[in-house]
Amino acid sequence: MLQKAKDGLMDIKLFRRVMNWGKAWSLWSVHLETGCCGPEDMARACARFDTERFGTLPFPTLRECDLIFVTGFVTKKMAKRLKIVYEQMPEPKYVIAIGHCAISGGLWWDSYSVVQGVDEIIPVDVYVPGCPPRPEAWIQGIRMLQEKIAKEGMRKK
Amino acid sequence: MIDKSAEELIVDSVKARFPEEVIEAKVQRKNRVSISVRNNRIYDVGLFLRDELEFDHIASVSGVDYIDMNEFEVIYYVWSINKKVLVGLRTKIPRDNPVLKSLVDVWEGVLYHEREVWEMFGIKFEGHPNLSLLLLPEDWDGPPPLRKDFVLPETHQERLEEKIKKLSSG
Chain Z
17 MLQKAKDGLM DIKLFRRVMN WGKAWSLWSV HLETGCCGPE DMARACARFD
67 TERFGTLPFP TLRECDLIFV TGFVTKKMAK RLKIVYEQMP EPKYVIAIGH
117 CAISGGLWWD SYSVVQGVDE IIPVDVYVPG CPPRPEAWIQ GIRMLQEKIA
167 KEGMRKK
Chain P
37 MIDKSAEELI VDSVKARFPE EVIEAKVQRK NRVSISVRNN RIYDVGLFLR
87 DELEFDHIAS VSGVDYIDMN EFEVIYYVWS INKKVLVGLR TKIPRDNPVL
137 KSLVDVWEGV LYHEREVWEM FGIKFEGHPN LSLLLLPEDW DGPPPLRKDF
187 VLPETHQERL EEKIKKLSSG
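Taken in order, these protein sequences are the chains called Z and P.
In this text, residue positions in the first sequence follow my numbering: the first is 17, and each later residue adds one.
In this text, residue positions in the second sequence follow my numbering: the first is 37, and each later residue adds one.
This is chain Z alone, in the form it adopts within the complex (with noise of 0.2 angstroms):
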């Protein structure tokens, strides 16, 4: 009965625009820092780059999250604990691979400890290239996620 009450809300296009646009503007990011793109994750947001403009703030506990960003080189070890926590958080979820080390594998992509590309254990929304990416390439990763999800279920009928 709710999801029905639900569903019908949906189909009104307003409500899911409504919808949307909390979502992306309220993308709080996971604390986890799986490579050396993290400093950068830590410029990104604080003063002078501050993403909390568009609604990425960092926070501690996952279960109240939305977004990863997955910081550099995942090794084999590193894959089953992010893979965790992405199982972990509730939906909606979003992912942006930051670097080359997280899209493709990196440097040291042919070495026995390296996942070639974060997208071959979770699914990956958004890709941010650089070594490492300037903080103005994160702003415009987030940006280009936000235009995703305000597009999302728009399409329908």
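Rather than coming from a laboratory, the hints here were simulated on the basis of the structure.
Hints are not guaranteed to be accurate.
Unchecked claim - Think about it this way: if two alpha-carbon atoms lie no more than 25 angstroms apart in a straight line, the pair counts; the simulated DMTMM-like pairs of lysine to aspartate or glutamate are:
hint : chain 1 : residue 1 : chain 2 : residue 2
1    : P       : K202      : Z       : D135
2    : Z       : K96       : P       : E152
3    : Z       : K92       : P       : E190
4    : Z       : K92       : P       : E44
5    : Z       : K93       : P       : D141
6    : Z       : K167      : Z       : D126
7    : Z       : K92       : Z       : D141
8    : P       : K128      : P       : E43
9    : Z       : K96       : P       : E109
10   : P       : K119      : P       : E155
11   : P       : K184      : P       : E194
12   : Z       : K164      : Z       : D141
13   : Z       : K93       : P       : E155
14   : P       : K128      : P       : D185
15   : Z       : K92       : P       : E43
16   : P       : K137      : P       : E90
17   : Z       : K22       : Z       : D126
18   : Z       : K96       : Z       : D126
19   : Z       : K92       : P       : D185
20   : Z       : K92       : P       : E90
21   : P       : K66       : P       : D132
22   : Z       : K93       : P       : E44
23   : Z       : K96       : P       : E155
24   : Z       : K92       : P       : E194
25   : P       : K160      : P       : D132
26   : P       : K202      : Z       : E136
27   : Z       : K93       : Z       : E136
28   : Z       : K93       : P       : D175
29   : P       : K119      : P       : D132
30   : Z       : K93       : P       : E43
31   : Z       : K93       : P       : E194
32   : P       : K128      : P       : E44
33   : P       : K160      : P       : E174
34   : P       : K199      : Z       : D141
Computed from a predicted model, the values in this text were never measured in an experiment.
For chain Z, the structure is supplied; the task is to place chain P on it using the hints.
Using the frame of chain Z, we list chain P on its own:
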């Protein structure tokens, strides 16, 4: 008579105490000493360095794979906080039977370093209480990855080739 530096005194005393076992002992530069010993007496040399020459801080343990000479080299880097000298205590072991007496009883700090050398080179440290995987994934079952003759597992190679094919075609 010219006064000898702290480094030269260390070299002289080690040579005098272990004339048979020390293959080479030299001063590399200021504050750096290198001592090569035979692998059967490395424990005693370590004990001597700790008790009589005040070498009390183990900085690192590393391994080298000399595949052409069919040998491994294990290097213990030990600091003396009083003398401000770093000693590289080197020993070579055969590649076919890589077993070395653990120096855990001498410096307890080698616990983690020896574990790392064990998992990366497959050098077995006798007397080490816990030789288990430290940095590698828990389900690792391949050969030690930092050996020179290590090749990636076949499944890994195949997946790489598939990915390259996919990228180059599209």
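Results for each hint:
For the proposed pair K202 (chain P) and D135 (chain Z), the alpha carbon gap of about 15 angstroms is at most 25 angstroms, so the pair holds. With a CA separation close to 21 angstroms, the supplied pair K96 (chain Z) and E152 (chain P) stays within the 25 angstroms bound. Restraint check for K92 (chain Z) and E190 (chain P): the C-alpha separation of about 17 angstroms stays at or below 25 angstroms, so the hint holds. A distance of roughly 47 angstroms separates the Cα atoms of K92 (chain Z) and E44 (chain P); the hinted pair therefore is violated under the 25 angstroms criterion.
Between K93 (chain Z) and D141 (chain P), the direct Cα distance comes to roughly 31 angstroms. Violation of the 25 angstroms bound is thereby established for this hinted pair. For a cut-off of 25 angstroms, the pair hint linking K167 (chain Z) to D126 (chain Z) is broken: about 37 angstroms separates their Cα positions. With a C-alpha separation of about 21 angstroms, the suggested pair K92 (chain Z) and D141 (chain Z) falls inside the 25 angstroms cut-off, and the hint holds. Taking the CA atoms of K128 (chain P) and E43 (chain P), the gap is near 23 angstroms; set against the 25 angstroms cutoff, the hint holds.
Only pairs whose Cα atoms come within 25 angstroms are accepted, and K96 (chain Z) paired with E109 (chain P) is rejected, the gap being roughly 34 angstroms. The suggested pairing of K119 (chain P) with E155 (chain P) is violated, with an alpha-carbon distance near 33 angstroms, which exceeds 25 angstroms. For the hint pairing K184 (chain P) with E194 (chain P), the CA-to-CA distance comes to about 21 angstroms; that is within 25 angstroms, so the pair holds. Taking the CA atoms of K164 (chain Z) and D141 (chain Z), the gap is near 9 angstroms; set against the 25 angstroms cutoff, the hint holds.
Taking the CA atoms of K93 (chain Z) and E155 (chain P), the gap is about 15 angstroms. The hint holds against a cut of 25 angstroms. A C-alpha spacing of about 18 angstroms is found between K128 (chain P) and D185 (chain P), which places the hinted pair at or below 25 angstroms, so the restraint holds. In summary, the hint linking K92 (chain Z) to E43 (chain P) is not supported, as the alpha carbons are separated by about 44 angstroms, beyond the 25 angstroms threshold. At roughly 21 angstroms between alpha-carbon atoms, K137 (chain P) and E90 (chain P) fall within 25 angstroms of each other, so this suggested pair holds.
As the CA atoms of K22 (chain Z) and D126 (chain Z) are separated by approximately 48 angstroms, the hinted pair breaks the 25 angstroms bound. For the proposed pair K96 (chain Z) and D126 (chain Z), the alpha carbon gap of about 19 angstroms is at most 25 angstroms, so the pair holds. At most 25 angstroms may separate the alpha-carbon atoms for a hinted pair to count; K92 (chain Z) and D185 (chain P) meet this at roughly 21 angstroms. Proposed proximity of K92 (chain Z) and E90 (chain P) is contradicted: the alpha carbons are some 41 angstroms apart, above 25 angstroms.
Pair hint K66 (chain P) plus D132 (chain P) does not hold up; C-alpha atoms about 36 angstroms apart against a cutoff of 25 angstroms. For the proposed pair K93 (chain Z) and E44 (chain P), the alpha carbon gap of about 46 angstroms is over 25 angstroms, so the pair is violated. For the hint pairing K96 (chain Z) with E155 (chain P), the CA-to-CA distance comes to about 20 angstroms; that is within 25 angstroms, so the pair holds. Under the criterion of a C-alpha separation no larger than 25 angstroms, the hint pairing K92 (chain Z) with E194 (chain P) is consistent with the structure, at around 17 angstroms.
Straight-line distance between C-alpha atoms of K160 (chain P) and D132 (chain P) comes to about 12 angstroms, which keeps the hinted pair within the 25 angstroms bound. At roughly 14 angstroms between alpha-carbon atoms, K202 (chain P) and E136 (chain Z) fall within 25 angstroms of each other, so this suggested pair holds. The suggested pairing of K93 (chain Z) with E136 (chain Z) holds, with an alpha-carbon distance near 14 angstroms, which does not exceed 25 angstroms. For the hint linking K93 (chain Z) to D175 (chain P), the alpha-carbon distance of about 9 angstroms falls within 25 angstroms, and the restraint holds.
Of the supplied pair hints, the one linking K119 (chain P) and D132 (chain P) is violated, its CA atoms being roughly 38 angstroms apart against a limit of 25 angstroms. A C-alpha spacing of about 43 angstroms is found between K93 (chain Z) and E43 (chain P), which places the hinted pair above 25 angstroms, so the restraint is violated. For the suggested pair K93 (chain Z) and E194 (chain P), the alpha carbons sit about 21 angstroms apart, so the restraint of at most 25 angstroms is met. Distance restraint check for K128 (chain P) and E44 (chain P): the Cα-Cα separation of roughly 23 angstroms lies within the 25 angstroms cut-off, and the hinted pair is therefore satisfied.
The hinted pair formed by K160 (chain P) and E174 (chain P) meets the criterion: a straight-line CA distance of about 19 angstroms does not exceed 25 angstroms. Of the pairs offered as hints, the one joining K199 (chain P) and D141 (chain Z) holds, with about 20 angstroms between alpha carbons and a cut-off of 25 angstroms not exceeded.
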